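Asker: Residue 258 in numbering that gives the first Met the number 0 sits at position 259 of the sequence shown; the count goes up by one each step and never skips.
A hint or two may mislead.
Unchecked claim - Below, in silico cross-link-like pairs of lysine-lysine (DSS-like), each with a Cα-Cα straight-line distance of 30 Å or less:
hint: 1; residue 1: Lys-157; residue 2: Lys-283
hint: 2; residue 1: Lys-101; residue 2: Lys-157
hint: 3; residue 1: Lys-101; residue 2: Lys-81
hint: 4; residue 1: Lys-165; residue 2: Lys-101
hint: 5; residue 1: Lys-88; residue 2: Lys-62
hint: 6; residue 1: Lys-62; residue 2: Lys-81
hint: 7; residue 1: Lys-157; residue 2: Lys-284
hint: 8; residue 1: Lys-81; residue 2: Lys-165
hint: 9; residue 1: Lys-157; residue 2: Lys-81
It is worth saying that the hints were derived from the structure and are not from the lab. All values derive from a computational prediction rather than experimental measurement.
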Amino acid sequence: MMINSSVSSLRCDLQGIQNSIKDDGQDLLDHLSIKKITSIPSNTKMEMTRVFHCDGLLLCVAKEQQDHFRFFVWNPYLGQTKWIQPRNKFHRLDKYALGYDKNRNHKILSLVYNNDSKTRNIPSGFFIDVYDFSTDSWRFLDVDPGWDLGCYNGVSLKGNTYFLGKEVTTEIYVPALGAEITDIGHYLVCFDFETECFGPRLPLPFRPPYPFYAVLPRSWVRDEKLAVLYIHCHIIEIWISIEVEPNAVSWSIFFTLDLSLVNGLPDGFANYFAPTSFFIDEEKKVAVLFDLDIHDQARNFRYQMAYVVGGDGYFKSVNTRILSNHWVNRSRLVRTSYVPSLVHVY
0 MMINSSVSSL RCDLQGIQNS IKDDGQDLLD HLSIKKITSI PSNTKMEMTR VFHCDGLLLC
60 VAKEQQDHFR FFVWNPYLGQ TKWIQPRNKF HRLDKYALGY DKNRNHKILS LVYNNDSKTR
120 NIPSGFFIDV YDFSTDSWRF LDVDPGWDLG CYNGVSLKGN TYFLGKEVTT EIYVPALGAE
180 ITDIGHYLVC FDFETECFGP RLPLPFRPPY PFYAVLPRSW VRDEKLAVLY IHCHIIEIWI
240 SIEVEPNAVS WSIFFTLDLS LVNGLPDGFA NYFAPTSFFI DEEKKVAVLF DLDIHDQARN
300 FRYQMAYVVG GDGYFKSVNT RILSNHWVNR SRLVRTSYVP SLVHVY
């Protein structure tokens, strides 16, 4: 997880967690442990801005000085770091992903935001570069996903990366509201690091009401399945994939929870509850969701929250730490499941 522009490990022991946590939720802290990990050489002054995970490796984007960024791939378990020179000037809308082909050769996918995309006729607004570890070089790919990435990053699974795409499907002016209602269709698209191509649009497991507004973070389960969190109004749904390949996916419901039936939540909780990351435990049938607490104008800080949620109506929360910057962007609260790896980065 990201804490104050550095990487830290978060260990969460879910064994017996539903039986041991009291109503105040503070016993949840006994099941959580956070430890800062040194990743950037101590003789450099850098700010970690983004982290992406694949195969036990972390692709990190670090800010060295104003508007100057560097990449490095890091294996925390082996303590190995490989610095990579970016091919293009960094833009805040750029997207990155880490993956590998069938020979376990690792690659970096770079979706570079193009300010001149309209004149270049690039529907997505990005052009694509791939860095190949075997050749230590970048290559331009003449492909375009043809969809809008929005603010979403990809999730790595079995060496490939699954992005959440979106497309405006309906725009209707409603006179009674004096406004235009826009319906946006969402779907998954896989980038296959073997073929270095984007696959077809893959359906999501739910059919949202119109107009569409929801929280859609994704996660992975033991590098075998995808998990999707869907929140609409006061309903929480988590789905996991039964089958997932670059060109096909099928889903099964993990659990559904109606927040309106949960006692003790603050007024209007469902209106601001928008977790940006989560993980699940299939055996214990629980999920841990991460978010910020509601912004209180009376204080100049916010709490970073962990919520343990179960389909049987179980819902407990605890603040894991205080954020001195109450304007922090939720997307900066990066969390990803991590499994140690013996993959060398050089």
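Asker: If a hint holds in the structure, say so; if it does not, say that too.
Answerer: Structure-based check of each hint:
Proximity of Lys-157 to Lys-283 is assessed by CA-CA distance (about 24 Å); at most 30 Å being required, the pair is judged to hold. Proximity of Lys-101 to Lys-157 is assessed by CA-CA distance (about 10 Å); at most 30 Å being required, the pair is judged to hold. Of the supplied pair hints, the one linking Lys-101 and Lys-81 holds, its CA atoms being roughly 22 Å apart against a limit of 30 Å. With a C-alpha separation of about 29 Å, the suggested pairing of Lys-165 with Lys-101 holds against the 30 Å cut-off.
Restraint check for Lys-88 and Lys-62: the C-alpha separation of about 12 Å stays at or below 30 Å, so the hint holds. Between Lys-62 and Lys-81 the alpha-carbon distance is near 16 Å, which keeps this suggested pair within the 30 Å criterion. At most 30 Å may separate the alpha-carbon atoms for a hinted pair to count; Lys-157 and Lys-284 meet this at roughly 23 Å. With a CA separation close to 34 Å, the supplied pair Lys-81 and Lys-165 exceeds the 30 Å bound.
Pair hint Lys-157 plus Lys-81 holds up; C-alpha atoms about 22 Å apart against a cutoff of 30 Å.
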